[in-house]
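Student: Following the hints, complete the assembly by docking chain B onto the known chain A.
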Amino acid sequence: MLDAGPTPLVRVRDLKMHFPIYAGLFRRRVGEVKAVDGVSFDVMEGETLGLVGESGCGKSTCGRAVLRLYDITSGEIAIDGREIGDVPQPRLRDMRPTMQMVFQDPQASLNPRMTVEAIIKEPLDEHTTLSETEKREKVGELMDAVGLNRKFAKRYPHAFSGGQRQRIGIARALALNPKFIVCDEPIAALDVSIQAQVVNLLEDLQEQFGLTYLFISHDLSMVRHIATRVAVMYLGKVVELAPREALYSDPLHPYTKALLSAVPEPDPALATNKERIILQGDVPSPSNPPKGCNFCTRCPAVIPICREREPDTREVKPGQFVACHLYSE
Amino acid sequence: MKKHGSEIAMEEDKPKITRLTDGAGSDIEVAGQWRLIWLKFRQNRVALFAGWVIFFFYGVALFCEFLAPTLPTVAQPRLTYAPPQEIGLFIEDETGQRRFQLHVNGYAMTVDPESLRRSFTSDPANIIPIGFFVRGEAYDMWGLIPMDRHLIGPLDPSDQMNLLGTDKLGRDMLTRLIYGARVSMSIGLIGVISSLIIGTVLGALSGYFGGWVDLAVQRLIEIISAMPTIPLWLGFAAAIPLTWSPLQVYFIITLIVSLLAWTSLAREVRGRFLSLRREDFVTAAKLDGSSTGRVIFRHILPSLTSHILAVTTLAIPTMIVAETALSFLGIGLKPPVVSWGVLLQDAQNIRTISSAPWLLIWPSLAVISVVLAFNFLGDGLRDAADPYDS
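If you read the protein sequences in the order shown, they are chains A and B.
Okay, so the first sequence: first residue is 1 according to this note's numbering, each after it adds one.
Okay, so the second sequence: first residue is 1 according to this note's numbering, each after it adds one.
Just chain A, same shape as in the assembly (with noise of 0.2 Å):
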């Protein structure tokens, strides 16, 4: 249905994640959230694939749900053609080196405890036969690529600042070599002129060892930089998907068009000009989603068949996904 091109690296269909809540005395389940609710895209080889969406729409949850963070409520995920969604916690050890994760906190992410080498060094002891000395020689090589100096190895994180921590992250993200790496906000919590050498790392990293990225974020400007695609998600679902031209010139979704008339506009003529969709009201709960389509409380188009029928996601211009009824036929 989504394949476009190149064989695609990451396959997810339908998948949906949903945390149950409990209450009361005996902890009954009493509902559940709806954190991802049917989510399908590919991740081509070699792509950077972007994810973005306003806070709590779900994107880090499927962002850790394809990685098989979370036991998911159903759908498939295939990860190099190995199919991964129900497959036990222990079982995916093997899987693990395949995929691997940067984090959006440079500071949580890293063991305070632990040296950087000891950081760096970790998957290699689980994954590897490697040497001491071989292993601290493929440390140094890691720090090498991400721009660190080797003589730091034996500090703790504390000692550095964050965007130097965020390399060490990535540093032990690539250390087993994987294929896909989601990038889960790696910039958010750095400041922009550090945003800007990490993404531009990244960049040489995915030339460098043939990188495949899911990277999410809600930096507009920053996922038009480095994604190949672009998936736009609201309360759990995909609502377009697009190539990047394509998504940024010519938005097809009512949310999307929302979402990028509030990028600013850095040259103050055009800013003037700039139209901004504003939309009312909240975000529904994703414990309790609308009827129909879960934009519909919102949408500045909506029909009455928003409000009746969930929209199917199809292909309106090629390459270019969208779910909305205004595209039906």
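Do not rely on the hints blindly, as some may be mistaken.
In the SDA-like style, the derived pairs of lysine to any residue whose C-alpha atoms are separated by at most 20 Å in a straight line are [unchecked claim]:
| # | chain 1 | residue 1 | chain 2 | residue 2 |
| --- | --- | --- | --- | --- |
| 1 | A | K257 | A | L326 |
| 2 | B | K40 | A | A159 |
| 3 | A | K257 | A | T228 |
| 4 | A | K154 | B | L36 |
Chain B is nowhere near these chain A residues, computed Cβ spacing over 12 Å in every case [claimed, not checked]:
| # | residue |
| --- | --- |
| 5 | L67 |
| 6 | E308 |
| 7 | P318 |
Now the stretches of chain A that chain B is said to cover, found in silico as 3 or more residues with beta-carbon under 8 Å [as the list claims (entries may be wrong)]:
| # | segment |
| --- | --- |
| 8 | 119–127 |
| 9 | 276–285 |
Hints were generated in silico from the structure; no laboratory data involved.
All residues carry an ideal CB built from backbone N, CA and C; glycine is no exception.
Tutor: Okay, now just chain B, sitting in the frame of chain A:
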């Protein structure tokens, strides 16, 4: 997969990766966690002093055979409830010259004709010279090395020296206090180690796995903390067979005390696990394929060792007091084992308190100073436990 879209505002011609410069900083020594804890701890004078006090008491407990002037079982039937003697520094010899000689004065005994009660007074004429490293009662150091040297004692082994007085059988109080330190101090340590193991393991399981494991452990903790401790101890202690050796009783009492004391530690550990298991670095470890054991022991526990240490230090005095209380009530350790609680039990009646107050004062002082020292030390450790805060 490089994209050079014309509309991309980002400048592409800059160097992609700015290499970190080789600064002089790479030669600077980096203080590890424990060094930072120590530096912070050292600033707390009270805690530091308390640490020395505890160090001293454990030293006494370790070398009690050598430090004690005699053996705790040596009774002097003629010297019951004898008062403490004072150490004198100078004596006058036959020629009337004052010279330096450590000594104590012997006792002069008078018997009350009506009550037949003996009372002792210091007899300046009866001088008992004392010295260091003297030969005395033979003992086995740590039950292994036969020795007969004592740190301090009368030069003539047949003389009596009772610096802290004697009890109702005429046994030397100082000796018994020193031997009591071994039992009382170690019961705290052994008890804390076993409750540390139970508390950490159950707390870790409860916090890490959550769900029904957590539910079960938490309810268990609630049930145990809801039990009134004294009647429970009474019940347990009453169930100990009378035929058991004092050593067996000692271990079982330790076990009873620690079985009830692990709950607060388990809660503490659980709380830390609950917050740490969602940390990104734990997720990262799972992503690297670390086993559950590795995640728990290598990633989570090291982050709370300092806290566990502080909590443990605060738990030791509870153990010591519990043992003392049990023995005082006569349901804990029993003679011939000597502990501070056993010593206090001897000082239970009003007759003792009025006529031989030293039997009450010295064991109480020992318990109070050790408990206070542990509390100050534990407070200091807790404050210093997280060197990266503030």
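Student: Taken at face value, is the distance from the CA of A159 of chain A to the CA of K40 of chain B at most 20 Å?
Tutor: 18 Å, holds
Student: Non-interface claim for L67 of chain A: all C-beta distances to chain B beyond 12 Å?
Tutor: Per Cβ check, L67 of chain A is inside 12 Å of chain B; nearest 7 Å; violated.
Student: Quickly compare the C-alpha distance for K257 of chain A and T228 of chain A to 20 Å and report which way the hint goes.
Tutor: 19 Å, holds
Student: Hinted pair, alpha-carbon criterion (20 Å max): K154 of chain A, L36 of chain B. Please report holds or violated.
Tutor: Holds: K154 of chain A and L36 of chain B sit about 16 Å apart, inside 20 Å.
Student: Just checking, E308 of chain A versus chain B, shortest CB gap more than 12 Å?
Tutor: 39 Å, holds
Student: Verify this label for me: P318 of chain A is non-interface relative to chain B, using a Cβ-Cβ cutoff of 12 Å.
Tutor: 18 Å, holds
Student: Establish whether the coverage given for the segment 276–285 of chain A by chain B is satisfied; the threshold is a Cβ-Cβ distance below 8 Å, and no fewer than three residues must meet it.
Tutor: violated (count 0)
Student: Given the proposed pairing of K257 of chain A with L326 of chain A, does the C-alpha separation stay at or below 20 Å?
Tutor: 13 Å, holds
Student: Has the segment 119–127 of chain A got at least three residues whose CB is nearer than 8 Å to a CB belonging to chain B?
Tutor: With 4 residues closer than 8 Å to chain B, the segment 119–127 of chain A meets the three-residue bar; holds.
Violated hints, listed in ascending order, are 5 and 9; each of the other numbered hints is respected by the structure.
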